[in-house]
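> Listed in order, the protein sequences are those of chains A and B. Going by my numbering, the first residue of the first sequence is number 1, and it counts up by one from there. Going by my numbering, the first residue of the second sequence is number 1, and it counts up by one from there.
Hints are supplied without guarantee of correctness; some may be wrong.
Intra- or inter-copy, both count: the list cannot distinguish identical chains.
Stated by the list, open to error - Calculated cross-link-like contacts (lysine to any residue; reagent style SDA-like; alpha-carbon spacing at most 20 Å):
#1 K255 to L83
#2 K255 to N105
#3 K255 to D230
#4 K268 to D253
#5 K255 to A227
#6 K268 to L61
#7 K299 to D140
#8 K268 to G216
#9 K268 to V64
#10 K268 to G254
#11 K255 to G226
#12 K299 to A32
#13 K255 to E207
#14 K268 to F86
#15 K255 to R298
#16 K299 to Y190
#17 K268 to L55
Keep in mind the hints are simulated off the structure, nothing from the lab.
Below, each chain spelled out in residue letters.
There are 2 protein chains.
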Amino acid sequence: MSRNLQIVLDRRPTTLPIEQDFVEREGEIPEAGPGQVLVRTLIVSIEPAMRGWILDAPNYLPPVPVGSPMRSFGVGEVVTSNLEGFRAGDLVVGFTGWQEWATMNEPEIQRRIDPDLAPISTSLGVLGVTGLTAYVGMIDIGRPGPGSTVLVTSAAGAVGSAAGQLAALRGARVVGLTGSGDKCRQCIEYFGFDAAINYREEDDLAEAIRRECPDGVDVFFDSVGGATFDAALENLNVGARVAICGTISLPPDGKAVGPRIERRILVKRISIQGFLATDHFDRFDQIIAEMSVWLRNRKVRHLEEMAPSLTDAPAALVRLLEGRNMGKSLVRVSDRYQKDLS
Amino acid sequence: MSRNLQIVLDRRPTTLPIEQDFVEREGEIPEAGPGQVLVRTLIVSIEPAMRGWILDAPNYLPPVPVGSPMRSFGVGEVVTSNLEGFRAGDLVVGFTGWQEWATMNEPEIQRRIDPDLAPISTSLGVLGVTGLTAYVGMIDIGRPGPGSTVLVTSAAGAVGSAAGQLAALRGARVVGLTGSGDKCRQCIEYFGFDAAINYREEDDLAEAIRRECPDGVDVFFDSVGGATFDAALENLNVGARVAICGTISLPPDGKAVGPRIERRILVKRISIQGFLATDHFDRFDQIIAEMSVWLRNRKVRHLEEMAPSLTDAPAALVRLLEGRNMGKSLVRVSDRYQKDLS
């Protein structure tokens, strides 16, 4: 119990990361300082936002320092607590990083979870930041209703699949954009979307969206940006809402160019809102309570894939950024996770 | 009383209109059909939106047909009424067009005005669609407050000057963008802006905005688009609101390109909303009541320039689109206007 396996950012990529940008390191198990907890990491979460976190480009969080463990949400079991309100045995979600042991201050802890309510892995997915992102973007910003048409990017992914299902719960017609025939089928058969478009097979994406959304698009939930954003914009109805939670197709240096959208925004009275789930933690309890009920009632379904050990984390990230994952991407860190589930 | 002087669209411009795109014509004085009023036009309004109304490009209203009187808001005096609720002598604002006599159906009439409340010309400006545009864009969408910094384009113009003053009423620091030293002085000395930038004298507009808005921009009220939009976006704070009511710098064919903004929208959690005052006529009475009080108390000031006869309308439009007007641009159509003011 004297080692702390860490996956550390070894060099800063300029575009998409590769596995070799990360390196394994054995650190010491840290001690909980005043106001800190020491946790044993059970699972970490792999997310598209990580691409931005490791780049030296303006972002909403400072870049992960080279030589530090990769920033990551994770579930940890509290081993030692010097923080009021937490005690050994508590399960918490927070910024554990890619490491077996982590100390966290109060701001780095997102919340405590109850393992009896749902599998703990869901606290990193549909009952975690993933669910919060889907809810804020779709329900609060998108505001779909009966008769509206909703278009969702990365539709078979963790956030997109949840967002689409929330729109369906509100009575909307839901169309997904995704990158394979398998994912299209998943969207329709498992997540209950009304239609899905495999963008890799379309020469003219705007035309494909027009085909599947003959009444135009009222809500566009976008995690992609770029040419996908343009194609969707061409199909937006008067008064449409666009929620932007990611720009995975864009180079992060901000130098990409594209069609100017100001005139279309005006003529169609469109609203476009960028948002980050991390700004909405004050609503976590309310939103997760709603999502839990839907999950239990099978009104919202989720998928996850779990890599078996912490050393798989870089490969899982590359796989995610290449769009090869299906559902929420997670990495098991401790064998104790098995016990917690039993 | 048998002639009806009209200014008719003679050919459709492809970019900015010139005077020769319009021609004078003598029509018959029409008769009010069932459900119509016949009005004698007193004043017509010249607006930036007219550039879009005469082009063959997607817009929120169909293009003005070649050979028809130019579409225009105007004040008219009802001469004959076959419409319940209106009678001879009433003053109404509506789509009179550029003509001495006009029939209007109910949807073409915006509202009746009371000449005792304020000069009737204000019903086409600060107490009309101009004021409604400023209010919806600044108060509803921009939501400025004490301590926020507000940047306004076309700041010496009718809409921009009103929008800036509304922001100041809410306690914001207000910075105007405008096209001459005279207009800068007007913004500061007459309209009470905190600072003004003459964009024609700046090599680097983003840098100039940074200089005058050292704490960044929280609300951007934009009627310009293009390079001005880009320069403002570089200075937006986290959570900033952008209200777009015009795109006068952009070619209307939608083919302009520029920096992609999706990533900036996300990272700064910006919201961008296009809007048209014409969508908000249901709030006219409430908003104009508030604006009237401010106008009477000199909390909001306005400027207007009035061309002396209907045949001046094309030149007034060209002047406006070249940015040479100061304040709200109007054209007197009937001498009766003088009497109404006396």
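> Each hint needs a verdict: does it hold in this structure or not?
Cross-check of the supplied hints:
1. K255 to L83: This pair counts as neither: shortest intra-copy Cα distance 44 Å, inter-copy 58 Å.
2. K255 to N105: neither (36 Å within a copy, 51 Å between copies)
3. K255 to D230: The answer is both: 16 Å in one copy and 12 Å across copies each meet 20 Å.
4. K268 to D253: between (29 Å within a copy, 15 Å between copies)
5. K255 to A227: So K255 and A227 pass the 20 Å test inside a copy (15 Å) and across (15 Å) alike.
6. K268 to L61: between (33 Å within a copy, 11 Å between copies)
7. K299 to D140: within (19 Å within a copy, 36 Å between copies)
8. K268 to G216: Within. Shortest intra-copy distance 12 Å satisfies the 20 Å Cα cut-off; inter-copy 28 Å does not.
9. K268 to V64: The answer is between: 19 Å across copies meets 20 Å, while 40 Å in one copy does not.
10. K268 to G254: between (26 Å within a copy, 13 Å between copies)
11. K255 to G226: Classified as both; 12 Å inside a copy, 16 Å across copies.
12. K299 to A32: This pair counts as neither: shortest intra-copy Cα distance 41 Å, inter-copy 59 Å.
13. K255 to E207: The answer is between: 18 Å across copies meets 20 Å, while 27 Å in one copy does not.
14. K268 to F86: Result: close neither inside a copy nor across copies, 51 Å intra and 33 Å inter.
15. K255 to R298: neither (43 Å within a copy, 46 Å between copies)
16. K299 to Y190: Within one copy only: 11 Å inside a chain, 60 Å across chains, cut-off 20 Å.
17. K268 to L55: between (35 Å within a copy, 17 Å between copies)
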